[in-house]
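A.B. asks: Sequence:
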Amino acid sequence: MKYTLRIKKNREFKYILKRGKFYRGNYINVYYISNKVDSNSKFYGNMFGVCVSKKNGNAVNRNKLKRWAREAYKLKEENIKKNIKLVVLYKKSTQVRDVNFNLICEDFNDALEGLNIYEIN
Numbered sequence: 001m002k003y004t005l006r007i008k009k010n011r012e013f014k015y016i017l018k019r020g021k022f023y024r025g026n027y028i029n030v031y032y033i034s035n036k037v038d039s040n041s042k043f044y045g046n047m048f049g050v051c052v053s054k055k056n057g058n059a060v061n062r063n064k065l066k067r068w069a070r071e072a073y074k075l076k077e078e079n080i081k082k083n084i085k086l087v088v089l090y091k092k093s094t095q096v097r098d099v100n101f102n103l104i105c106e107d108f109n110d111a112l113e114g115l116n117i118y119e120i121n
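Quick note: the sequence shown uses this note's numbering, first residue 1, plus one each step.
Note that these hints are calculated values from the structure, not bench results.
Using N, Cα and C, we set each Cβ at its ideal position, and we do this for glycine too.
Heads up, some of the hints might be wrong.
As the list claims (entries may be wrong) - Distance ranges between label pairs, derived from CB positions:
(1) LYS91 <-> ARG19: 12 to 22 Å
(2) TYR3 <-> ASN58: 26 to 36 Å
(3) ALA59 <-> LYS82: 19 to 29 Å
(4) ASN58 <-> GLU119: 21 to 31 Å
(5) TYR3 <-> ASN109: 17 to 27 Å
(6) GLY114 <-> ARG19: 28 to 38 Å
(7) TYR15 <-> LYS81: 31 to 41 Å
(8) LYS55 <-> LYS8: 29 to 39 Å
(9) LYS36 <-> ALA59: 14 to 24 Å
As the list claims (entries may be wrong) - Distance condition first, Cα-Cα at most 25 Å in a straight line; then the derived DSS-like pairs of lysine-lysine:
(10) LYS21 <-> LYS66
(11) LYS2 <-> LYS74
(12) LYS8 <-> LYS55
(13) LYS76 <-> LYS8
(14) LYS2 <-> LYS92
(15) LYS76 <-> LYS36
(16) LYS64 <-> LYS76
(17) LYS2 <-> LYS54
(18) LYS36 <-> LYS91
(19) LYS21 <-> LYS91
(20) LYS81 <-> LYS92
(21) LYS55 <-> LYS2
(22) LYS18 <-> LYS82
(23) LYS66 <-> LYS9
(24) LYS21 <-> LYS92
(25) LYS9 <-> LYS74
(26) LYS92 <-> LYS36
(27) LYS76 <-> LYS2
(28) LYS8 <-> LYS54
(29) LYS82 <-> LYS21
(30) LYS14 <-> LYS91
(31) LYS66 <-> LYS76
(32) LYS21 <-> LYS74
(33) LYS82 <-> LYS2
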């Protein structure tokens with residue numbers, strides 16, 4: 001993720017989930033909010049975070065779901081608007097045995113189109 005920082009703090013996740021716009025897909029929910037950038041800030045990129053519940057499976061399966069979400073983001077990173085915070089929240093019913101990377105990638109693309117996050121060139 002070339003132009004992106006990772007969201008790690010719980011308070012940042014909660015803020016985006018509470019105040020952000022969202023899209024509900026089949027397997028994931030995508031939340032986003034504009035990143036307020038002041039003139040003193042040196043970073044003008046995006047922030048990205050993934051949240052997976054323990055109900056989605058054991059640690060191996062949760063990490064696989066997180067890798068899939070990060071890879072789906074990385075494939076579309078060049079086409080996404082700048083200065084936004086984006087959180088992918090997996091639905092509790094999503095299991096690794098029921099989905100694959102292609103389904104997650106399609107769901108993520110639908111979410112980006114639904115939220116109008118794609119940059120128009």
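A.B. asks: Evaluate each hint against the coordinates.
C.D. replies: Outcome of the hint check:
Separated by about 21 Å at the C-beta atoms, LYS91 and ARG19 satisfy the suggested range of 12 to 22 Å. With their beta carbons about 32 Å apart, TYR3 and ASN58 fall inside the hinted range of 26 to 36 Å. With their beta carbons about 33 Å apart, ALA59 and LYS82 fall outside the hinted range of 19 to 29 Å. Look at ASN58 against GLU119: about 38 Å separates their beta carbons, and that is not inside 21 to 31 Å.
Between TYR3 and ASN109 the Cβ separation comes to about 19 Å, which falls inside the hinted range of 17 to 27 Å. At about 18 Å, the CB distance of GLY114 to ARG19 disagrees with the hint of 28 to 38 Å. The given range of 31 to 41 Å is broken by TYR15 and LYS81, whose C-beta atoms sit roughly 19 Å from each other. In this structure, LYS55 and LYS8 break the distance hint of 29 to 39 Å, their C-beta atoms being roughly 22 Å apart.
In this structure the supplied range 14 to 24 Å is violated for LYS36 paired with ALA59, their Cβ-Cβ distance being about 35 Å. A distance of roughly 21 Å separates the Cα atoms of LYS21 and LYS66; the hinted pair therefore holds under the 25 Å criterion. Between the alpha carbons of LYS2 and LYS74 the distance comes to roughly 8 Å, so the proposed pair stays at or under 25 Å and holds. This hinted pair checks out: LYS8 and LYS55 have alpha carbons roughly 20 Å apart, not beyond 25 Å.
Among the hinted pairs, LYS76 with LYS8 is consistent with the structure: their alpha-carbon atoms are about 21 Å apart, no more than 25 Å. Pair hint LYS2 plus LYS92 does not hold up; C-alpha atoms about 29 Å apart against a cutoff of 25 Å. At roughly 22 Å between alpha-carbon atoms, LYS76 and LYS36 fall within 25 Å of each other, so this suggested pair holds. Restraint check for LYS64 and LYS76: the C-alpha separation of about 19 Å stays at or below 25 Å, so the hint holds.
Taken as a hint, the LYS2 and LYS54 pair is broken in the structure, with Cα atoms around 29 Å apart against an allowance of 25 Å. Note on LYS36 and LYS91: the hinted pairing is violated, with a Cα-Cα distance of about 28 Å set against a maximum of 25 Å. Taking the CA atoms of LYS21 and LYS91, the gap is about 17 Å. The hint holds against a cut of 25 Å. Pair hint LYS81 plus LYS92 does not hold up; C-alpha atoms about 28 Å apart against a cutoff of 25 Å.
For a cut-off of 25 Å, the pair hint linking LYS55 to LYS2 is broken: about 31 Å separates their Cα positions. Between the alpha carbons of LYS18 and LYS82 the distance comes to roughly 21 Å, so the proposed pair stays at or under 25 Å and holds. Taking the CA atoms of LYS66 and LYS9, the gap is about 16 Å. The hint holds against a cut of 25 Å. With a C-alpha separation of about 20 Å, the suggested pair LYS21 and LYS92 falls inside the 25 Å cut-off, and the hint holds.
Proposed proximity of LYS9 and LYS74 is supported: the alpha carbons are some 21 Å apart, at most 25 Å. A distance of roughly 31 Å separates the Cα atoms of LYS92 and LYS36; the hinted pair therefore is violated under the 25 Å criterion. Proposed proximity of LYS76 and LYS2 is supported: the alpha carbons are some 11 Å apart, at most 25 Å. With a C-alpha separation of about 17 Å, the suggested pair LYS8 and LYS54 falls inside the 25 Å cut-off, and the hint holds.
With a CA separation close to 16 Å, the supplied pair LYS82 and LYS21 stays within the 25 Å bound. For a cut-off of 25 Å, the pair hint linking LYS14 to LYS91 stands: about 16 Å separates their Cα positions. For the hint linking LYS66 to LYS76, the alpha-carbon distance of about 16 Å falls within 25 Å, and the restraint holds. At most 25 Å may separate the alpha-carbon atoms for a hinted pair to count; LYS21 and LYS74 meet this at roughly 21 Å.
Distance restraint check for LYS82 and LYS2: the Cα-Cα separation of roughly 12 Å lies within the 25 Å cut-off, and the hinted pair is therefore satisfied.
Of the numbered hints listed earlier, those contradicted by the structure are 3, 4, 6, 7, 8, 9, 14, 17, 18, 20, 21, 26.
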